[in-house]
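**Q** Sequence:
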Amino acid sequence: MNPLSPDPVCWAIETSRLGRSFRAVHALRDVTLQVPRSECVAVLGPNGAGKSTLLRVLSTLLRPTSGTVSVAGWNVQSDPDAVRRAIGLTTHQPMLHGELSAAENLLFYAHLYGVSSPRDRVAELLTLIELYSRRNDFVRTFSRGMQQRLTLARCLLHSPSVLLLDEPYTGLDQRAAEILNGLIDHLRTRGCTILLTTHDLTWVSGLLDEVIVLDRGRLLCQLPAHGASSEALSRMYQEQMAQS
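Residue numbers for the sequence shown, in the numbering used here: 5 to 248.
What the hints contain is simulated information worked out from the structure, not anything from laboratory work. Honestly, I wouldn't trust all of these hints.
What follows is a list of derived Cβ distance ranges for each label pair [as the list claims (entries may be wrong)]: (1) GLY231 to GLY102: 20 to 28 Å; (2) ASP85 to ARG41: 16 to 24 Å; (3) HIS190 to ASP141: 19 to 27 Å; (4) GLY186 to ARG89: 22 to 30 Å; (5) GLY118 to SER233: 38 to 46 Å; (6) ASN140 to THR36: 46 to 54 Å.
Please read these numbers as outputs of a predicted model, since none were measured by experiment. A virtual CB, placed ideally from N, CA and C, is assigned to each residue, including glycine.
Make a model of the complete structure from these sequences and hints.
**A** Structure representation (structure tokens):
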């Protein structure tokens, strides 16, 4: 096998006995999971369950204490640069510059990513997120939903194969959530894998292929969710938490 090529498996994300500790605190404990390519998967769990820690390990922001992790076929410890090129990540911080326009923000990151034809790519993404008409407006004037869409566009500049979204629906109104849903569905149909954390299944349930439930750093279950309503998924989640 070419050592510069990723492992040609069907998993976009794979962990085996993943552990991450912060001194005496075990944020993740023996987490083993597989996420197929081109699927949308939600990670559920209460505060402190390990959801954000999982995303930080997958994105190479944190090194695992134990176990193995691969993303897009690349090992996060031996090939972190390849993993970073393959992913898009949103966190609770939008990483946008308020005194720059929407287009200027994306152009700034496009140059950092080395995107070819950056102006064309920025125009394409601003159209996709329905913000092209606001391209010259300062980001500090944008609503939470508009900033969230622009953050997602920032993550898509380099055409990642895996998206890691930490609580992307927090603070969104109905219209903003609908636009985000459309974007996620569009990306999935084009082969992108989406792993997102959420506390609220109201908006995202219709998009999900699977759900993963974490509690106190442990994987409780990984179950199919295609076609399930938010009510059915909420019942499943409550049942899993009651048994933990």
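**Q** Falls inside 19 to 27 Å, the C-beta gap from HIS190 to ASP141?
**A** Cβ of HIS190 to Cβ of ASP141: about 24 Å, so the range 19 to 27 Å holds.
**Q** In this structure, is the beta-carbon distance linking GLY186 and ARG89 contained in 22 to 30 Å?
**A** 26 Å, holds
**Q** If I claimed the Cβ atoms of ASP85 and ARG41 lie 16 to 24 Å apart, would that claim hold in this structure?
**A** Hint holds: Cβ distance 21 Å, inside 16 to 24 Å.
**Q** Does the Cβ-Cβ separation between GLY118 and SER233 fall within 38 to 46 Å?
**A** 43 Å, holds
**Q** Between the beta carbons of GLY231 and GLY102, is the distance compatible with 20 to 28 Å?
**A** The hint (20 to 28 Å, Cβ to Cβ) is violated, given that GLY231 and GLY102 are roughly 41 Å apart.
**Q** Taking 46 to 54 Å as the hint, is the beta-carbon distance of ASN140 and THR36 inside that range?
**A** 48 Å, holds
Comparing the model with each earlier hint shows a violation of hint 1 alone; every other hint is respected.
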